[in-house]
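Asker: Spelled out, the chains give:
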Amino acid sequence: MELTKEIIKQQLTDKFGDQLFDWQEPYGMLTFSAIKELNLKIMQFLFDKEDLQFRFLTDLTGIHYPDNKGAELGVVYHLHNLEKNIRIRFKVFMDINNPEVFSATALYQGANWMERETFDFYGIRFVGHPNLIRILNVDEMDYFPMRKEFPLEDQSRIDKDDEMFGRG
Amino acid sequence: MSRPVQYNNTVKFQGIPEGYMGEGFMATNLEKVVSLARKNSIWPLPFATSCCGIEFMATMASHYDLARFGSERVSFSPRQCDLLMVMGTIAKKMAPILKQVYLQMAEPRWVLAMGACASSGGIFDTYSVLQGIDQIIPVDVYVPGCPPRPEAVLDGFIKIQDLVNSEGLRRRHSDQYKELLKSYDIQ
Amino acid sequence: MSEHIILPEGSIEKQTTTLNLGPTHPATHGVFQNILEMDGERIIKSTSTVGYIHRAFEKIAERRPLYQITTLTDRLNYCSSPINNMGWHITCEKLLGVSLPKRVDYLRIIIMELARISDHLICNSIVGVDTGAYSGFLYLMQFRELIYEIYEEVCGSRLTTNMGRIGGFERNFTNAAFEKLEKFLKEYPKQLKEFENLFSRNRIFMDRTIGCGPISAERAINYGFTGPNLRAAGVDYDVRIHAPYSSYEDFDFTVPIGKTGDCYDRYLVRNEEMWQSLNIINQAYKKVQEFKGADAEVFHADVPNYYLPEKEDVYTKMEALIYHFKIVMGEVVMPAGEVYASVEGANGELGFYLVSDGGRTPYRLHFRRPCFIYYQAYPELIQGGMLSDAVITMSSLNLIAGEMDG
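Chains as they are written, first to last, in my numbering: chain H, 1 to 168; chain Z, 1001 to 1187; chain G, 2001 to 2406.
Just chain H, same shape as in the assembly:
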């Protein structure tokens, strides 16, 4: 049976009601947001349900909106149903002072390193992850570089000639 975006949206709202919000379809991909406690339950539902079967985790990444007080950090999941060829995106947001969500490693083995990368860049802690340590940056780093308040360049350089960079 054809799996359309309306069917997915219907099934999700039947199960979770108005805990899912902000339904959009930017550039053809169904997108919604959810409260952060539900992320694993939603993924489990999408994984197990007979006619939904979203068994492939395409991508898991983080995002930082410093202006949304109370919901600064977000995790974005891209899921894919390989057989019916349909993709879906959902996001959960959390407060920057308490950035904890449930880990998806129980469902998808591929989420392991993707969650470590998100932790490395944004500081989001994934509860239930087997080994949540930094993966790409040096272990001694004490800040989370992709957050918007941190600069790109290495601030400890003394050899840059400001004249040449238009800052002199």
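Check before you lean on any hint, since a few could be wrong.
[As the list claims (entries may be wrong)] SDA-like mimics (lysine to any residue), calculated; alpha carbons at most 20 angstroms apart, straight line:
#1 G:K2045 - H:I133
#2 G:K2059 - H:G123
#3 G:K2094 - H:L30
#4 Z:K1159 - Z:Y1064
#5 G:K2094 - H:N85
#6 Z:K1092 - H:M141
#7 Z:K1092 - H:E140
#8 Z:K1099 - H:E140
#9 G:K2059 - H:Y65
#10 Z:K1159 - Z:E1107
#11 Z:K1092 - G:T2024
#12 Z:K1092 - G:I2060
#13 G:K2286 - G:F2251
#14 G:K2094 - H:I86
#15 H:K84 - G:R2240
#16 H:K148 - G:A2336
#17 H:K160 - Z:Q1135
#18 G:K2059 - H:V138
#19 H:K160 - G:I2060
Simulated from the structure, these hints should not be mistaken for laboratory data.
Starting from the known structure of chain H, fit chains Z and G onto it as the hints suggest.
Answerer: Relative to the frame of chain H, chains Z and G by itself:
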């Protein structure tokens, strides 16, 4: 019927040092002979991290053959190599490893920084990339390019050969060299 | 694999050694570290460390306008950089809502399939080198030189190509480019056949690679494998078929599938993909030659905001001057929104997740890098195998460090 003997008269003998030649012997400067031997048999260690490593593979392959300059055998062990060719971006996570590889090399040793990232950080002016390997080890030749063409790599290699040729036997024991190493915190 | 003596736990004779398959590799795979715990020659457990070439692409991309990010995407999977470039341009075109003329699509397909051949060439010949056969590598690198010459005719650079612009190409393909393409199409099939003869039914190669690092289809999907590694495990997922981009639906090609997902299957899948890529290039080249007259001069779509106008127009017309100024000074704003687009890279599904807030640079750009995702399975693939099998598994997975760390 065998072919008639042909003599190749156009061969140029490269770099035979001047000296006194006689029947079956030649007397010359030890330094010149040692330099000649060293420069034509450099064993490089390809420390390839990223894109420049693929251009190095193209340089080693048959089209732009590096082996004709004497590096038929690339050694991957620092204890046995002469030239450390650093190819590709060195991140700050990789820098201690590069330093350790350099320390394990035996004298005389030379370093060639291939590519923009190894020379100065390249296009990556970020918190995680070391801005040039000369922050941690002394470099002899820089080959710019992103990635440099194989001809450029060969040019850099020939410059290393020129350096090897003109170095002399006592440079590694000189005070100036010791000062250089001390400025990099290398014993 | 069955005559291995199992020593009882806690016995004096049972000790494991820790071996560091460290970041400096003999064989230019890239920099990643594996710490192996071994019992004699067998691997009990392993942990991988990556990040030795982390260059912070995603943070750099938040500073650059869209057309300057192409140079970053080059350096992701640098063995096949045109595919990354075209994938990024396809993402931007999706964001901007640009549709391309067919000729541009077909030219892009020619370049992307050449890049795919170039990447699979390296992977298969390096698998050969790691099993001990160096000559296959030397034979095939000659053809990478031919492919590099074609890239040079189109964009000027060999390896990190920065090829094309948002909306098409920067210049039309010259006759020299098409001649070099014809030369490649004539000479390469013979050499590929010879390479196949050397390896595919070679008893030593088969003994080394069959059964080495297998993975089942369910585990592969769970890990997020894509590309030839997933197809060797038996799952027919190819982005070119599932979500065709750049007019792939106009072409007739098959996607090879393996069975057990071991190194031999991966080698065979990549080999067959090279033949299929040649097939696609031949079809695309014929289609390109069918464009005549004015159609044959089309090499880009009309994207005034991002594609530099012709120099004659800049000097004579006002709008062209303004567009030129805005593009060069980086003052073009992009529409707000978020888009995810993916292409079939040589290693799998290379995805770009672009979030824009209507500014000049992306708000967030995330690269879905296939190597990073499937390298997680490496400890599971080599467990219980021998050390030399671990090396071959690593090279047959086609791990590119630039893509892994990004």
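Asker: Would you mind marking each hint as holding or not holding in the structure?
Answerer: For each hint, the structure was consulted:
1. G:K2045 - H:I133: At roughly 19 angstroms apart (the allowed maximum being 20 angstroms), H:I133 and G:K2045 satisfy the hint.
2. G:K2059 - H:G123: 15 angstroms, holds
3. G:K2094 - H:L30: With Cα atoms ~16 angstroms apart, G:K2094 and H:L30 stay inside 20 angstroms; holds.
4. Z:K1159 - Z:Y1064: 17 angstroms, holds
5. G:K2094 - H:N85: 19 angstroms, holds
6. Z:K1092 - H:M141: 11 angstroms, holds
7. Z:K1092 - H:E140: Roughly 11 angstroms between the alpha carbons, so the hint for Z:K1092 and H:E140 holds.
8. Z:K1099 - H:E140: 18 angstroms, holds
9. G:K2059 - H:Y65: Roughly 15 angstroms between the alpha carbons, so the hint for G:K2059 and H:Y65 holds.
10. Z:K1159 - Z:E1107: At roughly 19 angstroms apart (the allowed maximum being 20 angstroms), Z:E1107 and Z:K1159 satisfy the hint.
11. Z:K1092 - G:T2024: Holds: Z:K1092 and G:T2024 sit about 15 angstroms apart, inside 20 angstroms.
12. Z:K1092 - G:I2060: Holds, because 17 angstroms separates the two Cα atoms, which is no more than 20 angstroms.
13. G:K2286 - G:F2251: 11 angstroms, holds
14. G:K2094 - H:I86: Cα-Cα ~17 angstroms, so holds.
15. H:K84 - G:R2240: 15 angstroms, holds
16. H:K148 - G:A2336: Within the cut-off at roughly 18 angstroms; holds.
17. H:K160 - Z:Q1135: 13 angstroms, holds
18. G:K2059 - H:V138: Given that 20 angstroms is the threshold and the Cα spacing comes to 16 angstroms, the pair holds.
19. H:K160 - G:I2060: 18 angstroms, holds
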